[in-house]
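Number of protein chains: 2
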Amino acid sequence: MNIIDYAKKAKNASLLLAAIDTARKNDYLAMLANALKAHEEDIIKANREDIARSETEGISAPLLKRLKFDEAKIAEAVSGLESLVKLPEPVGITRYAMELDEGLELYRVSCPIGVIGVIFESRPDALVQISSLCLKSGNAVLLKGGREALETNRILTKIIVEVSSQTEMPEGWVHLLETREDVKTMLGLDEYIDLIIPRGSNEFVRYIMDNTRIPVLGHADGICHLYVDNDADVDMAIALTVDSKTQYVSVCNALETLLVHKSIAKDFLPALKKAMDEKRVELLGCDATRNIISAAPAREEDWRTEYLDYKLSIKIVDSLDDAIAHINQYGSGHTDAIVTGNRDTAMRFMELVDSANVFWNASTRFSDGFRYGLGAEVGISTNKIHARGPVGLEGLLIYKYKLIGNGHTVAEYAEGRKKFTHRKLNKKL
Amino acid sequence: MNIIDYAKKAKNASLLLAAIDTARKNDYLAMLANALKAHEEDIIKANREDIARSETEGISAPLLKRLKFDEAKIAEAVSGLESLVKLPEPVGITRYAMELDEGLELYRVSCPIGVIGVIFESRPDALVQISSLCLKSGNAVLLKGGREALETNRILTKIIVEVSSQTEMPEGWVHLLETREDVKTMLGLDEYIDLIIPRGSNEFVRYIMDNTRIPVLGHADGICHLYVDNDADVDMAIALTVDSKTQYVSVCNALETLLVHKSIAKDFLPALKKAMDEKRVELLGCDATRNIISAAPAREEDWRTEYLDYKLSIKIVDSLDDAIAHINQYGSGHTDAIVTGNRDTAMRFMELVDSANVFWNASTRFSDGFRYGLGAEVGISTNKIHARGPVGLEGLLIYKYKLIGNGHTVAEYAEGRKKFTHRKLNKKL
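Chains A and B, in that order, are what the protein sequence lines are.
The opening residue of the first sequence carries number 60 in the working numbering; numbering runs sequentially from there.
The opening residue of the second sequence carries number 60 in the working numbering; numbering runs sequentially from there.
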């Protein structure tokens, strides 16, 4: 079978998955948790092969760290599955009901999207997490993991497929792709695949977005801003800059550009410089910034750069509206924060900054599905439609309209013999 | 200014529109209603020019009918604006709120999508309706109407722009495109335009979908099915077939293929044949159908054809599941109905048919924003993400996450010094 056959199979499986009841889905998830525990040794063995091979290939230390799937990671995956079992059934939920006329009732009911294609990098725990979220939400899934994690992904998929067959899940609902060629083919299969979720480097996500007609959910850049308003508390502004920039530099919600109101710059920047020096953060600044503290000159290009490193660009702005305009021009619509003691200023900032996540007096690092309390996340979206910000189970759902009548025809309404009542109902289907 | 400049301007306007309050938006809508009444004569004069020119160009009678914008149509547009004023504010609504920790509160708040590109055919009332829906939902809009309606669209846009300026709406929030070349350019402007809504012929919508990276909301085909189950009431099945097929043949929610359970075919088909003959509907059938009634042979291609005409293809199926499989294979995910007296059968059909609108004992013609009670609609979507079925105001919205803290940093949670509470709040922002 080639990838097109697998995609067709996934499509067929997705049509059946839509009607599988909660108990069966939860049985699957619980059994998968047990199977992961039962196969712990085999999984760790496969993962050690991946690590050994990757080490000889000389991959970077952070990548190696993410590749590791040990007892602790397996325990985490198991506990993730157990929490997923506890989440309420997301499919078949009546979102609203309306009587169109006597005996003619309309229900908007949640349902799965269909077939999801997920492409993720080296972390093997993502395979368990994403496939389980898809199953719980009734979606079939084609997965492509990082090349480095091949053996780990293979054994995890083998376990998933075995448990699927034991619990009589529709055959082919989950399939592991192994080559880049397969990913390329998948991007053309808009007949069978309803949504692509790419996780990984900017270049990679952009490549996906540029090469498919299938809707893509995710984000390329994370050019996040912190704006220090003239009404900011200087200590708080420094603490939030330190956390946003340095708590974990290589992630999408880390700070890249600091905007500072001109009236507070002289108080704030020298103290900031000290804090950044302690964390060994390299500073790049606009001319006005460089008149106050020493920093390399920031070029136009810096405002568009996601460093993902111990580097921070700084710009002094004349006003709140200039800060907002800068963010809307150079930002990536991911996460942007303001530090201010003024509520009106904060409200205006959060209203006018066109980003998925807008924060007042909090670190940009909070934009994350787990921290938001969404449970597991499939990724963070900077899309302007469907789902925005951290995306959990809900982003894997859509709805359908179910209309129940008793032989109702439109002619009667078109000819004025009957009238619509359009009365909201407090009913579930 | 060229179309790129207009798109940039619309983008800037959209950023401001997001924060305009309800009263100002409603003032605009009310003043526009008055302005339409005040300029009634000029509008009708412009429309007569369009009609006269189109007649000499020999456009079809149905197109001419849709082009007409007379006193009655203006009154309808005015009453549409008045109902839109009465609708509750859709922007800035807290969809949920959660305490992440003491003093750290997350709000999911509705907001506009940004800039919408709408391409519609000859009906000038669509221009007023769509631009008003966009304004109420805080979106900027680039509109391209049919060439036939050029003069009418021009004067309507002129009135809209005048009223916008009187009510101080952000300049450039609405702009009328006039050439196909402009539409082509618009499809490439994914930097400024967030969503394209095409209304029109299948070929046209498919052309749009195939030629842009901007998300497209809409539908190409409407290949709708009615499945007559073995537990159907024959009279009801005939009445629903007549209404679904003939109440208005040239629309997307009209019936194209009738599926009949083999056990009821002998009772149902002769009576149906009589009803279809009365309405002059040409029948095409599978072999089993043609053993019972006279009909032209249906080819494989017929199951994929949207006739939009007095033509109906008929197929006899062995079971409910065969009917479902046929619909999921050949349908377009638009509207599909079952006629049956059996609730379990109906529930299974509505669960497993993967379409935006699934009906039990009701005509396919009901799938429409007005009939659903959504108010005006911008179109019907067969997308699997964002919005499905008839799309009203809600489909023009997305949300953003607003997080309010008091200097909260992630390090404290990552290092275990603080724990998330994740407590649902009953609060609005």
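Treat the hints as calculated values from the structure; they're not laboratory data.
Warning: the hint list may mix true and false statements.
Copies of the same chain look alike in the list, so a pair counts if it fits in one copy or across any two.
[What the hints assert, rightly or not] Cut-off 25 angstroms, straight-line C-alpha distance, at most; resulting in silico cross-link-like pairs (DMTMM-like, lysine to aspartate or glutamate):
no.: 1; residue 1: K104; residue 2: E135
no.: 2; residue 1: K483; residue 2: E148
no.: 3; residue 1: K124; residue 2: E360
no.: 4; residue 1: K104; residue 2: E180
Taking the hints in turn, this is what the structure says about them:
no.: 1; hint: K104 - E135; in the structure: within (18 angstroms within a copy, 71 angstroms between copies)
no.: 2; hint: K483 - E148; in the structure: both (24 angstroms within a copy, 18 angstroms between copies)
no.: 3; hint: K124 - E360; in the structure: neither (31 angstroms within a copy, 55 angstroms between copies)
no.: 4; hint: K104 - E180; in the structure: within (20 angstroms within a copy, 63 angstroms between copies)
Consistency with the previously given hints fails for number 3 only.
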